[in-house]
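A.B. asks: 39 is the number of the first residue of the sequence shown in the working numbering; add one for each residue after it.
If you are wondering where the hints come from, they were derived from the structure by calculation, not from laboratory data.
Keep in mind that the hints are not guaranteed to be accurate.
Said to hold, decoys possible - In silico BS3-like cross-links for lysine-lysine, where the CA-CA straight-line distance does not exceed 30 angstroms:
1) K263 <-> K250
2) K278 <-> K250
3) K263 <-> K278
4) K263 <-> K288
5) K250 <-> K277
6) K288 <-> K250
7) K263 <-> K277
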Amino acid sequence: MHTLVFHVQQLPYGENVENSELRILALIRRHQHAFLGVERRVSISSCYLTVDGDNCQLVDDRIVYKKVSTWEMFNVTDAVRSWLKDPGREQRLEVRIEILGSAETSLEDEMDVPVNPFEDTEPLLLIYSSEREKKEKHAVLRRSVEIEETEEESNMINEYESAYQPKVVKGPRRRHRNPCRRRSLYINFADINYDTWILAPSGYEAYECTGKCYFPLSDHLTPTKHAIMQTLLHTVAPKKTSRACCVPTKLDPISVLYVENNESVTFKFHYDDMVVAECGCR
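Please take these sequences and the hints and turn them into a complete structure.
C.D. replies: Put into structure tokens, the structure is as follows:
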């Protein structure tokens, strides 16, 4: 029997445990001339100490038959949820490996679970969490109200912007070089030493915003009224006022598997503000 203790922190407010897995390495040792694999019953129990002794509840179990060492996954969702509801109580997982009653195996054939910390073979506890409510939904609703309230003001600015257009001289229209846009930017976590705590992915496409904000500002750049005023003034007095900046205006999340506090492995489905979705002038 092996006893496993994990330090599980409270999840941020608004997050729930969707699923939790215990991954252990079934270490197989067989006689060199053996043809059959090693068969054992592996059971996982969640235990805590009471005044009457240990209180253990079976969480998951299965019969494991293997010829070579391999990682096995056990569902411990209910146990982790129980831990988070009562963080003050010290709770643990117990791993039991039993020889089946009728099994005839060589004394040299065995199955074990390596539990040495800070090694690649130590057990892993994966926690999958999700947010109850999306902040983005609230932001979109709030912004839609603001747009309705300021629609009249925006129209006034747009009318002024249109009226300010310089007279067009007949001839070929000059295209602005390097306009504000989104371009590729791949982040490799190993390059910034983040691979020491981020297990997956090894990298991702983050994108970046580059280029200049030219007058008149295009609608797809979703300029603010301040950006319009600043760009307009830059057109009149470029030495006095700088251009509006080309910056990210919408960011998307990615999914990340990472090590928390050098102990538990956590999977976060929505790791916010990691990918540039849209660029604009601000």
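A.B. asks: If a hint holds in the structure, say so; if it does not, say that too.
C.D. replies: Results for each hint:
1. For the suggested pair K263 and K250, the alpha carbons sit about 17 angstroms apart, so the restraint of at most 30 angstroms is met.
2. In summary, the hint linking K278 to K250 is supported, as the alpha carbons are separated by about 17 angstroms, within the 30 angstroms threshold.
3. Our distance criterion of 30 angstroms between C-alpha atoms is met by K263 and K278, whose separation comes to about 19 angstroms.
4. Distance hint between K263 and K288 is fulfilled; the C-alpha atoms sit about 18 angstroms from each other, no more than 30 angstroms.
5. A distance of roughly 16 angstroms separates the Cα atoms of K250 and K277; the hinted pair therefore holds under the 30 angstroms criterion.
6. The hinted pair formed by K288 and K250 meets the criterion: a straight-line CA distance of about 18 angstroms does not exceed 30 angstroms.
7. For a cut-off of 30 angstroms, the pair hint linking K263 to K277 stands: about 21 angstroms separates their Cα positions.
The structure is consistent with each of the numbered hints, conforming to all of them.
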